[in-house]
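J.: Turn these sequences into a full structure, and let the hints guide you.
Here the protein sequences come in this chain order: G and U. Numbering of the first sequence is given in the working numbering, commencing with residue 1 and proceeding in unit increments. Numbering of the second sequence is given in the working numbering, commencing with residue 265 and proceeding in unit increments.
Treat the hints with care, since some could be wrong.
[What the hints assert, rightly or not] Quick list of the computed label-pair ranges, beta carbon to beta carbon:
hint: 1; chain 1: U; residue 1: Arg448; chain 2: G; residue 2: Arg176; range: 55 to 63 angstroms
hint: 2; chain 1: U; residue 1: Glu541; chain 2: G; residue 2: Asn55; range: 31 to 39 angstroms
hint: 3; chain 1: G; residue 1: Lys228; chain 2: U; residue 2: Gly305; range: 25 to 33 angstroms
Just so you know, the hints here were simulated from the structure itself, not pulled from any lab data. Beta carbons: idealized from backbone N, C-alpha and C, even for Gly.
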Amino acid sequence: MKPSRVPSFILVLVLVFLYLPILLLVVNSFNAARYSSTWGGFTLKWYAALLERENRDLWEAARRTLAIAVSSSGVSMILGTLSACALHWYRSRLQQINHGILYLPIVIPDLLMGISLLLFFVALGVTLGTGTILIAHITFCASFVTVVVLGRLQGFDENVIAAARDLGASKWVIIRRIILPLLAPGIVAGGLLAFTLSVDDYVITFFVTGPGSTTLPLKIYSMVKHSKDLPVINAISTIFLVLTFLIVWLSQRLSEHQPNRDSP
Amino acid sequence: MHRRKNEILLTAPTLLWLAVFFVIPSFAMLLISFRPSNVYGGIEPGWSLQAWRALGDPDYPIILWRTVWLSLATTAVCLAIALPIAFLLGRMQGKWRGFLLMLVIVPFWTNFVIRVAAWRILLHPEGMLRQGLIHLGLIGQDTLLLYNEGAVLMVMVYTHLPFAILPLYAAAERFDYSLLEAARDLGASGFRAVMRIFVPGVSRGLLTAMALVLIPALGSYVIPDLVGGTSDEMIGNKIAQRTLGDRNLPQAATLSIALLVITLIPILVVFLINRKEQAESR
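T.: This is the structure we're talking about:
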């Protein structure tokens, strides 16, 4: 029986569809012509434009995005690890509730999370800004870290803990010397996922941001919306793209390690 | 007793965080939807059904309906594209399978705003695609590729496609392809064999894919805002406008609750089907 060629044909079309806009974006970031309809020769001037004074707010936004991503992934790594351990080791009514509440932020549209947080902050009279963005990011990142760490825990050999306890290890020694090192790749992979989600987020940040607290996605969005400096957007997007690929590649490498393989 | 204390120590930090910043805000939204708004963009004390009555405005039902149909259309197109791809990848062996799967996923590592922006730039009136099509005589001088429902649908399919491919691939990977050969041997045509055996065989994957595309699609805001025109707005655009445009927060709250109720439908469907299957397998 000869397999049909139709699925392969569809796959090729889909790959073109998926890569075309991104490739054109990268190519155009080196295009000297202002509009992408013609090729005006190779240039690095759009990258150079990023360094100019008028684009200082882009760097300011990038710095803020990075600071928010680092702190929110740090906090959500702690929260997510704790709740993953709770979900894995206990089977009580409390954990059923915990499970439901942890999964909801992943399921519902992010728009709803953004608007409900905004209304909550407004009702309490909280000043919107970097602080409220940070709170919002921790809230959605914690759930994702929980899921990643929980996956790592599912391959966890409980006998190691029992053996350590039999040999007289205290609770803290077990946590520090056994549980944390074994979970570390999962925690780091979860943290990197949280980092990329935080850097990627537009919708939730858009709702809870205040005056003067622009992040990079917000900045890019407003530039795109007003069709301003499109070649500069191409350049900054290309840099963004390369950085994201590096981070995701790193997190893939980390989560590839099987729990049993690298256990001591 | 000791065990209970440990459980609470592990559970409390995250659960309390989510209670304060997720559960309570959701209820705050419900509460605010019954408050009157004032002209300064604030919320007045007292109770009012004003925001709920305004949902009956001719504008909102039209936009709610458009949100539902655009999301359903996105889901249908995504499933139609993902099904043959999952079929192909599931049948492949070894290295090629992993490589092609990676190739399908990689574009989605790109920042979401940048992916939508790339389409806006590609479809831009001064962009290569439109100028090229005009040059070839395929479209007229005044045809726009941007700011219409077709552009919104296409970019929505673009951004949601991996949510359809991944669960369907996971289901196809476990599918026994020799069943198809058996059907062919019994005289079924290739297409018929796929439709009658492969599609039911990956039904769980189809259900997951449906939910994973439909739910975020219903909450779309960025895509209709960047590539759609004013007549292609979805409920997300209205929520953003009521929030940051004319700042009528109770109205934003009622619209959000309407959106929440709509998104609960696919969530409930998946939940009920899963529970039924679990009950049957017992």
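J.: Does the structure break any of the earlier hints, and which numbers would those be?
T.: 2
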